[in-house]
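Asks: Below are the chains, spelled out letter by letter.
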Amino acid sequence: MEFLQPTTWEEAVETKAAHPDAVPIAGGTDVMVAVNFGRLRPARLLDLTRVPDLQQWDTEDGVVRLGAGVPYARVIGELGDRLPGLAMAARTIGSPQIRNRGTVGGNLATASPAGDAHPALLAADAEVEVASVRGTRRIPVADFYTGVKRSALADDELVAAVRITPPSGPQQYSKIGTRNAMVIAVAAFGLALHPDRRAVGTGIGSAAPTPRRAPAAEEFLAGELDGLWDSRAELPPATAARFGELVAGAAAPIDDVRGTARYRVHALSVMARRTLTWAWAEYRKGETRCA
Amino acid sequence: MRLTCTVNGTEQLVDDVWEGESLLYVLRERMGLPGSKNACEQGECGSCTVYLDGLPVCACLVAAGQAEGREVGTVEGLAAGGELHPVQQAFLDAGAVQCGFCTPGLLVATDDLVGRALAEGRRPADAEIREALAGNLCRCTGYEKVLDAVRLAADRMAEEAR
Numbered sequence: 001m002e003f004l005q006p007t008t009w010e011e012a013v014e015t016k017a018a019h020p021d022a023v024p025i026a027g028g029t030d031v032m033v034a035v036n037f038g039r040l041r042p043a044r045l046l047d048l049t050r051v052p053d054l055q056q057w058d059t060e061d062g063v064v065r066l067g068a069g070v071p072y073a074r075v076i077g078e079l080g081d082r083l084p085g086l087a088m089a090a091r092t093i094g095s096p097q098i099r100n101r102g103t104v105g106g107n108l109a110t111a112s113p114a115g116d117a118h119p120a121l122l123a124a125d126a127e128v129e130v131a132s133v134r135g136t137r138r139i140p141v142a143d144f145y146t147g148v149k150r151s152a153l154a155d156d157e158l159v160a161a162v163r164i165t166p167p168s169g170p171q172q173y174s175k176i177g178t179r180n181a182m183v184i185a186v187a188a189f190g191l192a193l194h195p196d197r198r199a200v201g202t203g204i205g206s207a208a209p210t211p212r213r214a215p216a217a218e219e220f221l222a223g224e225l226d227g228l229w230d231s232r233a234e235l236p237p238a239t240a241a242r243f244g245e246l247v248a249g250a251a252a253p254i255d256d257v258r259g260t261a262r263y264r265v266h267a268l269s270v271m272a273r274r275t276l277t278w279a280w281a282e283y284r285k286g287e288t289r290c291a
Numbered sequence: 001m002r003l004t005c006t007v008n009g010t011e012q013l014v015d016d017v018w019e020g021e022s023l024l025y026v027l028r029e030r031m032g033l034p035g036s037k038n039a040c041e042q043g044e045c046g047s048c049t050v051y052l053d054g055l056p057v058c059a060c061l062v063a064a065g066q067a068e069g070r071e072v073g074t075v076e077g078l079a080a081g082g083e084l085h086p087v088q089q090a091f092l093d094a095g096a097v098q099c100g101f102c103t104p105g106l107l108v109a110t111d112d113l114v115g116r117a118l119a120e121g122r123r124p125a126d127a128e129i130r131e132a133l134a135g136n137l138c139r140c141t142g143y144e145k146v147l148d149a150v151r152l153a154a155d156r157m158a159e160e161a162r
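So the protein sequences, as listed, match chains P and W. Here full-length UniProt numbering is used: the first residue of the first sequence is 1, the next is one more, and so on. Here full-length UniProt numbering is used: the first residue of the second sequence is 1, the next is one more, and so on.
Only chain W is shown next, with the shape it has when bound in the complex (with noise of 0.2 angstroms):
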């Protein structure tokens, strides 16, 4: 089947698409967009997080048909005009990426954390980064510099915004 979709701004037009296949097979294998990991492949890793319609989601778990007309954001479109997006600095200045298989997951979910944190005017508390980011493994860092990069693109963002 064909599938048309917006990812990352852009108009995406695909053919022979499987109905059966999910929306992360779509953006790796057919649009060239890598950044999403494939790992679990059932919603238990959090490496394959995008955005879909402005919510973060597996894209693992999304039929690629459900995705029809719907607005895909992936790692891909963090960065703005070939300069890394505060997130993506905050994880490479604290020391939160090692082997960077999860880090793409973890981009997004801290970009939609710290996003919905700064719209309510505040800073994500600790315990509420644990929560946005507990559906993204990782098996090298052990968190604490995760948690340091979120606390820290928090930070950068909050000042830039004033």
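Chain P on its own, in the form it takes in the complex (with noise of 0.2 angstroms):
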């Protein structure tokens, strides 16, 4: 095996249109379970925590260009303020120690349909920045995942960044586990309500082969809300309700170990429900989320 350690982001995007075979490896959390465990065993192991670049965010024209080796402690720490809904998701990843190494960058290579950063992405309309010797394209995350652990990402790709626009309203992340720590989604879903274009944005984690989006759900929510966006009244029960029945509607889960799909399908539409109505309070009591 060889270890690679790229030292620049140009030398990185090189090594990877050298090596299309290379395993990129940030954080570790999952890659080196796998090598652990004797279920990888690639020819080179190309590690991305020298690359400066990777290590940064910053903010142009409004959007958060989150580097893809940013670990979730910090985002958890730094941009909790500008991504509500991200900095929420990655408080539920794993432990201390695991914030301290896995990265979103890490979540979007692996692709799973458990990651828990992927509803909070959906939500907010993220878009992934992936690079290669090509030269640097933007896929809407919703675009991103193509199948079970798959992803648009060519073989001669690394994923660079995320860009994340602040909200312009409430958003809400909620997740369901065998306990709060240490645990892969059984279902999660992201919430995100969009006042400034009146529009309303999800996530399903756990739930299909890949992170999806409810679309009937957001059409049907920015219809009842048109109304209220400005009088901030009341949510009809009955509005959360159906909300939720439609979130649901929209997952395609499995039995598995960690759960029956029947419940999967009832945990969603009961944590859209909910979700919605915390977002839906914090919107009424006027405050704002900004940059």
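Just so you know, these hints were derived from the structure itself, not from any lab. All figures in this text were calculated on a predicted structure; none of them were measured in a lab. Treat each hint with caution, since some may be false.
Unchecked claim - With the C-beta cut set under 10 angstroms, the calculated list includes, among others, these residues of chain P facing chain W: (1) 2; (2) 3; (3) 31; (4) 32; (5) 41; (6) 42; (7) 45; (8) 47; (9) 50; (10) 95; (11) 99; (12) 100; (13) 101; (14) 102; (15) 180; (16) 182.
Backbone N, C-alpha and C fix where the C-beta goes; we use that ideal spot for every residue, glycine too.
Build the complex from these two chains, which are given one at a time in their own frames, with help from the hints.
Replies: Right, here's the structure in full:
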């Protein structure tokens, strides 16, 4: 096995082009588990922890560009105010030790349907910035996931960053597992209210072959909220319940060791209803979230 | 491959490291530092918790080469000059050590928590202690004595710092 350690982004991208079979490793929270258990024996590991560009985030034209190698602990500590939905998702991940190492870029590259960041990224309409020697492209996160642990990333590409617009309204995140720490989601749900464009964002985790949105639920709720954004009136319970049903209807879960498909569908309807109730209560208080 | 890093303040150099090896394996099998324990090898149990450039991490999930040139701190580095570290003494005094397998990881995680809290001029709250130790599994104690030990360590270290 070769251990490749580029120290610049340019070198990292060139190395990936020269060795498309090289397995990128950042926090190691997915890759090292597979190596330790003998499930992964790549010819080359491509260590990205020495590439300074990946460890940074900044704001460009109001959009947060989060380097792929920024660990979850820093997302929580440094971006909790600007990216509340992603920070909430990050708080549910693993343990302090895991959050000190695991990265959003790694979550994307692994593209597990159970990845905790995905529902928050979907709800926030994030874009994934990927790069190769051929150039850089931006992929809407909903188009990034192509199958179970499969993504739109080409063999010679690396995840450079994720771009997220700080929200104009409340965001929420909910995850079900057997305990609070160290769990893979049985089901997860991310919600973003976008009062600036009178839209709603959703993200479903662990309940379909890929993370996915719930378009019918988004459309329904945006229609219902059309008359409520300005008045900030109470949300009828029936609306929240219907929203939950539509979110559950967008899922396509399976029975597995963590839970049954039936449980996941039910859990999603409850999480969607609850997160909407919390988010709308926050919106009614007139709290604005901004960068 | 060759690996050079600083462990508990001492420069270490080891050869013939396999590229897929974890930092935990290097510490235990090549550097003679078996304090960090090997249990789950998937970041679940926290018994291999070490400092990497000052942050607690699971050594089993750090590829050896990722530690090149970095500062590693293990449980062996806590006690200075033959005296137990206040966190270690508190674990003993509170009865927080039973079989002892999870203890090294809990000690490092506790040292990190108490150190951070005291640096901010406060003692860790109970909820904070539970959160900080959520990645360290113990099958013996039921955690109550562990929580007592953390509180005791924080009290003593705060007293010492006065």
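Asks: All the hints need checking, so say for each whether the structure fits it.
Replies: So, going through the hints one by one against the coordinates:
Taken as an interface hint, residue 2(P) checks out: its beta carbon lies about 6 angstroms from the nearest beta carbon of chain W, inside 10 angstroms. Contact between residue 3(P) and chain W, as hinted, is supported at the beta carbon level, the nearest pair being about 4 angstroms apart and thus within 10 angstroms. For residue 31(P), the interface hint holds, since its Cβ comes within 10 angstroms of a Cβ in chain W; the closest pair sits about 8 angstroms apart. At about 4 angstroms, the closest approach between the beta carbon of residue 32(P) and any beta carbon in chain W falls short of 10 angstroms, and the interface hint on this residue holds.
This hint holds: residue 41(P) has a C-beta 7 angstroms from the nearest C-beta of chain W, less than the 10 angstroms allowed. Checking residue 42(P) against chain W: minimum C-beta separation of about 8 angstroms stays under 10 angstroms; hint holds. With a least beta-carbon distance of about 6 angstroms to chain W, the hint placing residue 45(P) at the interface is held under the 10 angstroms criterion. For the restraint placing residue 47(P) at the interface with chain W, the shortest Cβ-Cβ distance is roughly 6 angstroms, inside the 10 angstroms limit, so the hint holds.
For residue 50(P), the interface hint holds, since its Cβ comes within 10 angstroms of a Cβ in chain W; the closest pair sits about 8 angstroms apart. Among the interface hints, the one on residue 95(P) holds; its C-beta lies about 2 angstroms from the nearest C-beta in chain W, closer than the 10 angstroms criterion. The restraint placing residue 99(P) at the interface with chain W holds, with a minimum CB-CB distance near 9 angstroms, inside the 10 angstroms limit. Using the Cβ-Cβ criterion of 10 angstroms, the hint placing residue 100(P) at the interface with chain W is satisfied: the shortest such distance is roughly 5 angstroms.
Given the 10 angstroms rule on beta carbons, the hint for residue 101(P) holds: about 5 angstroms separates it from the nearest Cβ of chain W. Hint on residue 102(P) holds. Least Cβ distance to chain W is approximately 9 angstroms, under the 10 angstroms limit. With a cut of 10 angstroms, the hint placing residue 180(P) at the interface with chain W holds, because the nearest CB-to-CB distance is about 7 angstroms. The beta carbon of residue 182(P) is positioned within 10 angstroms of a beta carbon in chain W (closest approach about 6 angstroms), and the interface hint is therefore held.
Of the numbered hints listed earlier, not one is contradicted by the structure.
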